[in-house]
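Protein chains in written order, with our numbering: chain A, 1 to 854; chain B, 1 to 167.
Simulated from the structure, these hints should not be mistaken for laboratory data. Every residue gets a Cβ at the ideal spot worked out from N, C-alpha and C, and that includes glycine. Hints are not guaranteed to be accurate.
Pairs of lysine-lysine, BS3-like flavour, derived with a Cα cap of 25 angstroms [what the hints assert, rightly or not]:
#1 A:Lys382 x A:Lys166
#2 A:Lys61 x B:Lys2
#3 B:Lys91 x A:Lys27
Calculated from the model, a selection of chain A residues having no Cβ within reach of chain B, i.e. all distances over 12 angstroms [to be verified]:
#4 Leu396
#5 Ser548
#6 Ile741
Here are a few chain B residues that face chain A, going by a calculated C-beta distance under 8 angstroms [to be verified]:
#7 Gly94
#8 Arg128
#9 Leu135
The primary structure of each chain is shown beneath.
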Amino acid sequence: MSGNGFSVIGKPIAMVDAAGKTTGAGKYTDDLSLPGMLVGKILHSPYPHARIKHIDTSRAKVLDGVVAIVTGEDAPNRYGILPVGHDETALAVEKVRYIGDNVACVAAISEEVAEQALGLIDVEYEPLPAFFDPEESMKAETDLIHEHRPHNVEKDYHHVFGDPEKGFAEADYVHEARYIANEVTHAAMEPHSTLANFELDPYTGKLGRLTVWSSTQVPYYLQHKLSLVLELPMSQIRLIKPLVGGGFGGKSEVIPLEIIAAVAARAAKAPVKITYTREEVFWAHRGRPRTIVDLKTGVKKDGRVTSVACQVIQDGGAYCSYGVVTILYSGALLGALYDIPNIRYDGYRVLTNKPACGAMRGHGTVNVRFAFESQMDEIAAKLNLDPAEVRRVNLLKPPTVTVNGLRVLSYGLPECIDQVITRSGWRERHGHLPKGRGLGMACSHYVSGAANSIIRSDMPHSTVNIKIDRDGGVVVYTGAAEIGQGSDTMTAQIVAEVLGCGLSRVKVVAADTDLTPIDLGSYSSRVTFMSGNAAMQAAEEVKKNIVSAAARTMNCAPEDVNMRDDHVWDRRSTTSDTDTTLSEDRASGHVDGQILRGSVLQTRKQEGLKTHMSFEEAVVAAIDFHGALTGTGSYAPPVEARGGKHKGGGVGPSPAYSYSAQVAEVSVDEDTGEVTVHKIWAAHDCGRALNPVAVEGQVIGSVWMGLGQALEEEMIWKDGLLMNPGLLEYRSPSSAESPDIECIIVESVDPEGPFGAKEAGEGSLAATIPAISNAIYDAVGVRLREAPFTPERILAALRAKKGMKRIAMTESVDPTAPVRLREHGGSLWFRGKGPLRHPLDPARRSAHATGGEQ
Amino acid sequence: MKKELIELRVNGRTHELAVEPNKLLLDVLRQDLNLTGSKRACDDSSCGACTVQVDGIPMLSCTMLAASCEGQEITTVEGVADHGALAALQKAYGDFGGSQCGFCTPGFMMTVRWLLANNPEPTEDEIREALSSNLCRCTGYTQMYQAVRAAIAADEKGLKHELVETK
Chain A
1 MSGNGFSVIG
11 KPIAMVDAAG
21 KTTGAGKYTD
31 DLSLPGMLVG
41 KILHSPYPHA
51 RIKHIDTSRA
61 KVLDGVVAIV
71 TGEDAPNRYG
81 ILPVGHDETA
91 LAVEKVRYIG
101 DNVACVAAIS
111 EEVAEQALGL
121 IDVEYEPLPA
131 FFDPEESMKA
141 ETDLIHEHRP
151 HNVEKDYHHV
161 FGDPEKGFAE
171 ADYVHEARYI
181 ANEVTHAAME
191 PHSTLANFEL
201 DPYTGKLGRL
211 TVWSSTQVPY
221 YLQHKLSLVL
231 ELPMSQIRLI
241 KPLVGGGFGG
251 KSEVIPLEII
261 AAVAARAAKA
271 PVKITYTREE
281 VFWAHRGRPR
291 TIVDLKTGVK
301 KDGRVTSVAC
311 QVIQDGGAYC
321 SYGVVTILYS
331 GALLGALYDI
341 PNIRYDGYRV
351 LTNKPACGAM
361 RGHGTVNVRF
371 AFESQMDEIA
381 AKLNLDPAEV
391 RRVNLLKPPT
401 VTVNGLRVLS
411 YGLPECIDQV
421 ITRSGWRERH
431 GHLPKGRGLG
441 MACSHYVSGA
451 ANSIIRSDMP
461 HSTVNIKIDR
471 DGGVVVYTGA
481 AEIGQGSDTM
491 TAQIVAEVLG
501 CGLSRVKVVA
511 ADTDLTPIDL
521 GSYSSRVTFM
531 SGNAAMQAAE
541 EVKKNIVSAA
551 ARTMNCAPED
561 VNMRDDHVWD
571 RRSTTSDTDT
581 TLSEDRASGH
591 VDGQILRGSV
601 LQTRKQEGLK
611 THMSFEEAVV
621 AAIDFHGALT
631 GTGSYAPPVE
641 ARGGKHKGGG
651 VGPSPAYSYS
661 AQVAEVSVDE
671 DTGEVTVHKI
681 WAAHDCGRAL
691 NPVAVEGQVI
701 GSVWMGLGQA
711 LEEEMIWKDG
721 LLMNPGLLEY
731 RSPSSAESPD
741 IECIIVESVD
751 PEGPFGAKEA
761 GEGSLAATIP
771 AISNAIYDAV
781 GVRLREAPFT
791 PERILAALRA
801 KKGMKRIAMT
811 ESVDPTAPVR
821 LREHGGSLWF
831 RGKGPLRHPL
841 DPARRSAHAT
851 GGEQ
Chain B
1 MKKELIELRV
11 NGRTHELAVE
21 PNKLLLDVLR
31 QDLNLTGSKR
41 ACDDSSCGAC
51 TVQVDGIPML
61 SCTMLAASCE
71 GQEITTVEGV
81 ADHGALAALQ
91 KAYGDFGGSQ
101 CGFCTPGFMM
111 TVRWLLANNP
121 EPTEDEIREA
131 LSSNLCRCTG
141 YTQMYQAVRA
151 AIAADEKGLK
161 HELVETK
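Chain B on its own, in the form it takes in the complex (with noise of 0.2 angstroms):
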């Protein structure tokens, strides 16, 4: 199939390629951009993997095409350090145990920061409900929501502490 040029915004950054029309997002991810973070797993969008934020929100890049995100604000696992360091979820996630692998793990990310981002205090069950979108095979999911809760916590802290700063 015959290349195309588009612009896709990916981390704050625009970039311009030439790819098929038929592309996927998770290909042209990894394969043109390098950004090697999203993962391919299971080929039918069981898994969530791949999954990336568009425009906020969590989305399958293994099963969208990158035409399709022309104008749009993707955000990949290698977008969510905090100015370089790590975000409060990635420390989160090591400290407690919620990466052992790690294959699953930036699916997870990309998930677990939308939820905090429009949920900032889930409930259990909550929490519970958002990951069911990601398969993960190492962990049994317990340690993760540890790491969530901690997450939470670190935010809420780094949140006082920018509000005595400012006054």
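Just chain A, same shape as in the assembly (with noise of 0.2 angstroms):
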């Protein structure tokens, strides 16, 4: 038995798929087949903006191997993640919008055949000017990305909570500056890869119901788009998700493939399979969006905050995608981590003629974190303050409800900081160490769950059902989607515990449209707390059936029937602490469920009045006494947690916040201006880890891409062309780089959470960019105000701060960094020569004419 009184929950366990992971013989979408499948391959857009005047495909047609070729006018309707932003088709109507835009499609008897076709169509294209830049972009009046987006801005939003410029006046010090965080990606190992299948009517060989299998965190976001897109009604479409091999946000939305892989299956009258090329990958998509954020905060002189105003512009490439929800994000969780008063933010999510940006771990919340953990240290600095101290003095007092509408229940920041500066013995060595070496601290938070769904609705977010058979089999139907992060082992988990069952004998069976019920998906780290709550719900139901049988036959009330480790007793009986530990051997589940059915059972059952039954027993009275053993569990935010009513309140909110804080110990060669990352120290409060072993691979996975963002990810483009689409080139750290990382769990125990668990994939991310880049002032006394921290950037901040001239050191590997390097000196709009919304003013449109870039 474990310390916490639970039985299974709490325990470090293997992921329940770990062994078909280790074997190989977990299936992933491209390793499935049918007869008769067709390989998928797209003709991509060789231009970044331009219109389609014509595409023949009559010279494809015709090559021998080559079934179906399908194009923009095969399927035209319009979706998009979001309701507000239908703006994709599943191939390009009239326009391709990026580099790597979708235009037609083959479907054929091999890749290489396929390959060969894709040479055979032509396609004439009328070029248009291109917009690689998004405060260029919003200088665009003719030639629009988008024709309902003047000036290529998606979306807007200005927001002002309390009182900003009251707040400003009262601060004894106010710090502002630009910070830039470029775009990065995903880079999930597993390529996206589809596979469409039509049933066909065997007398009329007409279309019938279509399966889908594919790479998703979103079956059912996926099966409603297909829906949307194939005029199908959702019942006629089966969504199967398989093992998927990473997704990180890149999976959380419907990819082009996946739409374009059921249309040409369509049109073949065959199963097709599409899976991405890496370079596909780059171009699919959706990652986290360059940034620049213009960050303004007032502070009292022991560092307390007393306004913040935040303006954030996003490049969010050709087409909406979450974008509304991440510009929405930027603003909505400076909230929640510490108690500010005042708000103010401007967020302007723009178009340009790159591939569209999404969901990334950390959603929104990571490049402006980054800013505000920055200032944070600067401030600290300035005012001669500890860094730990200016962040304690700033701690919220929950339960609370933020300026901007968050509700915060549990709040383990207090406990994660103190554990961070015990372990990293930030007191005695912060400030004095040699130089070149340094530590530095920050901290972030993140949703667990958004409190209201992308489609709006009463719907709960989360649904599980489940079925007990007479040999004490339990299977869980949940549509919940395992991307790796180990959903699946929660679910058992959770149900194993409520149920005082082994955790073998239960067996998942999940995101198959078919078989689950709806669940919204793995994003926003919603499944533990949303899916876990459901869980439990459900199992509460069945275990309640089981109780009552369990009593009747006991001869006891309800209240005294206890279940655990497959043992089901009467607490009064006194002898039931032997038979618990007896039981412990049983635990497993797979010894005796079998032998128990039938005769044996009957003979046993004639016994006579227990004080103790196993498992199998309880479930063969249950349902001998109730008929079917089944329980349905739902989930849906509480209402109190839903947030404000502000234009664009809905996002931001959430049940149950997990929160982080790290310190990082760097050294840099102020030679080379190499960083060498030593060791960080995170802590992460998950409410309640219900398995450590996973938690800990969540968080010290999130600050590795968190460190991967800091020093050497990065999409480096030239006039729309990806310049690094390859693992070798978009750099991330292999083992030989990556430092130690410490992870410190820290349980608050949330209210709400299912045995007090939220959020844990994705909060510690944002923290550990900023804390290497206090790391390296305190190192070497520069402030590195642009991510990644490479070292061309440490350079020059390096010989700037010496007083030397500056060297375009970037440019053999970027020519359009040097202009972004130009912009370091932060923004006219903060030094009151420019408008509130955003500066169009003359002043500045001279300034970047003379920037000039492309």
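Assemble the dimeric complex from its two separately framed chains, guided by the hints.
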């Protein structure tokens, strides 16, 4: 028995699907094949912005082995993940909007034939002026990327909470600066893959039901969008999610190939599988946008924040995607980490002729958090305060509702800060390490699922069904999408804990829309909290029936029935303790399930009153007494947690927030500009760690991904062409470059989470980038306001500090970089020279004209 | 391209196959032999997800011609299991969280298996260096080091057990 009084919860256990992954037996979408399956290949646009004048597929069509070719006209219905952003079509209609946009698809008997056919499709384009920089794009009057979006602004929001001007007037010190975080992508190991197959009516040959296997985080949304584009009822579409090789948000919306495969299968009347090449994965993108943050913070002498003003411009790429949500998260999650009494937020999501950005781990919050936590450090340095103290004086006092309407109940941030300070030796070492070596601190937080779903409705966000058979086998049906984060394992654990049965009894059937009830999917860290709560409710419903039958059999009150470790007993009986331990060896569950069927069981039933029974006996008693043993649970966030009524107020609220504090130790080579991260201490408040191994894995993985964004990862563009579309050029840290990451789990036990659990998979990422930047400042005294902190940028900052002439060191890598570097000097907007809404004033425009990008 | 007959020995079994001379080993394994454990993830031999062992040496099957492997002993992740049960390394990767989404795991299995066969007591740095040939986007590698250590410990324990039994 574990110390916390649970039998399955809180124990470090292997994922229920681990063996399938280590033996290679587990099937991902690209591992599947069907008889007569065709290979789909997509023709991509070579232009960043062009009108399609004509597509001629006649030469390709006659190639031996080509079965079908589809273009935009074959599926012109618009879709998009957000109801406000239906601006995509499966294949381009009239216009292409980025290099890599989808133009046509060939379904052929082999990859070679399909590739060859792509070369035979003749497309006539009329190139249009293209926009690559968001601030330039906002000046556009003509040749708009989407006609319905003037100035190429997808969406802008202007929020005022409290009285920001009064707050700044009260401040003893006001700090302002511009921070830039460049574009990064998920680069999940599994390239997107989709297999689509229509059943054919054997008599008429007409198309019947559609089955789609896809690498997706959101089976339900995909089913919904397929229905929209193909004009099929959702009930005629079966969506199955096989194993998914990582998502990080890149599979949390409908990716073009998922629709294209179905459209091609419809045309070919045969199963079609499309798997992206790595380059195509980079084009599909939906990653974290390049974000320009102009941040102004007013503080009292002791570091207490009086007011924050934040302007965010996001380079969103060619389609809306999750953009509206991203720009709202950037503003909303300024709140709920610290106590900020006054906030002004101006957010602009801008369209450019590059692949669409979308949701990526820490959706919308990461780049603003980098700016905010860096600024906290700058303020601490200016006021000669300990950065840890500055954070402490700004802590929230929960339970509370923040000025922008976010409800906070559990709040483990204070303990997280204490833990990393103690473990890293912060007090003795910060500011006292030898030159070239330093410590930096930062905090972050994230939602445990969005309190409002994308499609506004009152339906539950998660539903879970359970059935138990006579041999005690428990089958759980959940729509939650396992993507490697452990959602199946979490579901099994919660059900096993509630029912008091062994974990291996529980079989999870997940993410098959014919079998499993609706779940919104794996995004915004919602699964443990929402699907977990639904699983708990379903298990409790079943348990009620088992308990009442067991109470009848044991002739005791239902309250006296205990269920634990595959054993059911009357808690008043004296033998229960020994029996509990005896049943430990049965806890594995595969032992005696089968033999208890039939006559053996009947004999036992006739033995008369007893004080304890096995799980199987109790199940049989319950089925005999109640009939089929099934249960359903669902979860919808409470109304109190759904946020304010202001426009855009639906994004940001969550039933619970996770908290993270981190300290990074780095050294900087002043000759080469190279940063080495030696160690990161990361404390994460996950409410309760249902499975500590999984929580540690999520936290360490988040920190590591933040490390990549801080030091190396960056999508480099030239005139809309991605210069590094491969895992070799888009560098992420290898094991040789990855530091020790010490994960400290803090359990604040949330009152509404399942067993107190909340988010673990994303919240830690955002703190890593500023922690490293702050550590670089501690090491060599330069402030990096543009991520990633590449050797070029470090050297440029070091030279600037010494008053040396700036050299455009990044030119060889990225011709657009020098222009970006020139933007470092802070925003005119904050010097009072521009209007509050986005600056289109002449002074700024002329500054840009001389800057002259593209 | 015209197909040719080759004999390929994979996981201890010999297969006679008709393949194009330009067909990659990874494609033959995945498409002709339906051994889908080895994964394609990068297209430019930078990620290691397709790693198999050829005569005991970890090789990237996405950049090898199948025909060039005739007469050599190929081991894929499907051949790692120990008499049908999980090898110590496989179990340890599961127990210690060395595998999350699992897409890179087959490649890591082949790399670590080679490491432990050639260096039964690797130092921390040697483990890091060996693993750096493979990319993982989920784990941050930390839990993999624990898994490798646990696998070594389990193997040692098993070895001692065998020695006692033979005595």
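Q. Taking each numbered hint in turn, which are not upheld by the structure, reported in ascending numerical order?
A. Hint 6 contradicted; others consistent.
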